[in-house]
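Please model the complete structure; the sequences and the hints are all you need to start from.
Listed here are the chains, written in short residue letters.
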Amino acid sequence: MNDIVLALGEALRLIGGLDAKLTGIVVLSLEISLSAVAIAAVLGLPLGAVIAVERFAGRQALIVLLNALMGLPPVVVGLLVYLMLSRAGPLGPLGLLFTPTAMVVAQSILILPIIAALSRQVIEDAWREYEEQLRSLGARRFDAALTLMWDTRFSLVTVVLAGFGRAAAEVGAVIIVGGNIDGVTRVMTTTIALETSKGDLPLALGLGMILVGLVLALNGIAHSIREAVQRRYG
Amino acid sequence: MLPLRLENVSFAIGGRRIIDSVSVEIAGGPRTVILGPNGAGKSVLMRLCHGLFEPTSGAIEWRGAGVNGRPRQQAMVFQRPVMLRRSALGNVLYGMRLAGVARGECDLRARDMLEVVGLAHVTDRPARVLSGGEQQRLALARAWALNPEVLFLDEPTANLDPAATREIETIIGAIHAGGTKIIMTTHNLGQARRLADEILFIHEGRLVERAPVGEFFAGPASAEARSFIKGELPW
Amino acid sequence: MVGKAMLVLFAWALTAWPAPVTAAERYVTVASTTSTEQSGLFRHILPIFEKKTGIRVRVVALGTGQALDMARRGDADVVFVHAREQEEKFLAEEYGVRRCDVMYNDFVLVGPRSDPARVGGGKDIVAAVRKIKEARAPFVSRGDRSGTHVAELKLWRLAGIEIAKEKGRWYRDTGQGMGPALNTAASMSAYILSDRGTWLSFRNRGELAILVEGDKRLFNQYGIMLVNPQKHPHVKREWGQAFIDWVTSSEGQRAIAAYRIGGEQLFFPNAARGNNPDAGSSSRPGA
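Protein chains in written order, with this note's numbering: chain X, 1 to 234; chain Y, 1001 to 1235; chain V, 2001 to 2287.
Among the clues, some could well be false.
Calculated from the model, a selection of chain X residues having no Cβ within reach of chain V, i.e. all distances over 10 Å [what the hints assert, rightly or not]:
#1 Ile4
#2 Leu14
#3 Val64
#4 Leu79
#5 Arg87
#6 Trp127
#7 Glu132
#8 Arg140
#9 Arg141
#10 Gly172
#11 Gly179
#12 Leu201
#13 Ile210
#14 Asn219
One-sided and incomplete, this derived list gives chain Y residues near chain X with beta-carbon spacing under 8 Å [said to hold, decoys possible]:
#15 His1050
#16 Leu1052
#17 Pro1055
#18 Ala1075
#19 Phe1078
#20 Val1082
#21 Leu1084
#22 Arg1085
#23 Gly1095
#24 Leu1098
#25 Ala1099
#26 Val1101
#27 Arg1128
Bear in mind the hints are in silico, worked out from the structure with no lab data behind them. Using N, Cα and C, we set each Cβ at its ideal position, and we do this for glycine too.
Have a look at this one:
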């Protein structure tokens, strides 16, 4: 209990102090996770939409696979990306290991299945409702996929936020491919892991509170936009 | 594209026959109402005609269409119209764009359509917040905007109150007056009397009787139709 | 509306894409150990080097075994670790160019103040681990092929105990870094072998205290090596060597000696005079 009070004080002190170092870590965390979410959304939402409306051989297997990959352990993703980007690996010459780019790649891979699988479910549910109407209007499956993505946009915001939450919270992948290098690849979660290692539990927990606060704030903003707009558009 | 010819059309799901060997030719002109008790297969027959379902056996042919051709100059209004999450105008434009209507033409024509169905005042309102009656009128505008040669209507007033129903019936009359062939289902005898020129009576997936509306109600030829009119069959 | 907001968000996220490392930035990647990173030594000495040379040092902190593996794959320019035998092997495989001593500190046996195995007081570390084993008192092992883990295994061997065979439930193999292992030991009041640096900077001590120290078998030597550019041509030979030269120079050695926590010196520089021509003036307190 005492430790938690200490942690709260530590969090307030960190926020109050707002030193450049902490700001840098927070900004880097947001840049990496938002970039990863953007990439995963650009790929995952259309992928989910196509799987939702198309009928092809192996579709059910693909759905099961995507759903299962939602539980992909970050460490496994980190290791895979590490081995790809290592100098001894196939993409070694790019020299991307231990860079923020490597962290974006790892997080994108981690959350792509989440965004694709959840959007597939959302869009497929909508497709059941819309199918006859859209086909009656002469929509081909490609048109339908686009229309459904637009019409389920409120739910898809939540899907994207789920992806962001996962990206912002994970430590296993980024610590392996980023190396937790001070000032270069150190983000909120790896800092928390480091401070925990050093036994500075209040500082670690304080940082954790800031991270939760940030994710909460972003979700709050997205939620209120969604609510306001949905009230208008039904 | 009319007449529409059905030859021995059957449709089954999981071995259960829903439409059983229906052969009929529907010509342009008169308003055709498909009448029948609940579960007779009216909606399924309409979806077969519209091309949403493929017949299990038999053939459906439009004049002049190829083997796989499903002519575009047809539209359908459903019992529960699906409104897209966009404005009323956006919903009308959506169908027109899919039908390949030139962009320049779209906006003007769509606004015209909203005007005609009495929705000009909600042009920019989100379609999903409109009342049930307004949504159904919007669905009619969306279908009408495509300038179809045939318009299918599946129980278009089943969920509406009498006032909204009258508005819908008026619009259907106007669409017919504009030269569009109307094929609609209803289980509402009063509506059938008001709107139909000819009746196709369906019972248990079979076409039991076809007659001009006056004849049908004056003296139905089949026992099923007689008991349906007397209200002895489930609606 | 939301669609637009999402687009704006995406656009922003894309433009905020972390800038790729510019070719102009000069840096070397050093694979090192958690003990040097977590003790705060690097945060103390690196700014001095970076200010002097303009070369940034990027430290990836792992266990010694992992750090050497990382260098074997070519993912580091310099290794800075503390497990002599593994370092010799690394050199023999020609992954490293030349090894220089940099500094030493020592390991300490940490355990609960209540000391159930009664190991406290003496200096004899081998007798202490034997007592722990006899008492079956909880002992936390790093179990991660780190330098500290290697040193611990050597102590069991010296005590004539084949730990792999004789360990029981009392021996907890955590597979974690020094800090997490200390956290584990603190929460279960277990004995643990730690390097002094990490111990001194460790905050969550709970009931733990140093019980045995000062045995010369607890000596912990750190060495530094350049990764062999003939194995990995992309190795930044010049800058990596510059860092090695600086760390073993009198200036680097002084910086190491000056790092203290609570008035206590953590690392004792001992770069060899012959290897490092100007290392002679470094402070060299006895073990």
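I'd like to know which numbered hints this structure contradicts. Please list them from smallest to largest. 5, 11, 12, 17, 26
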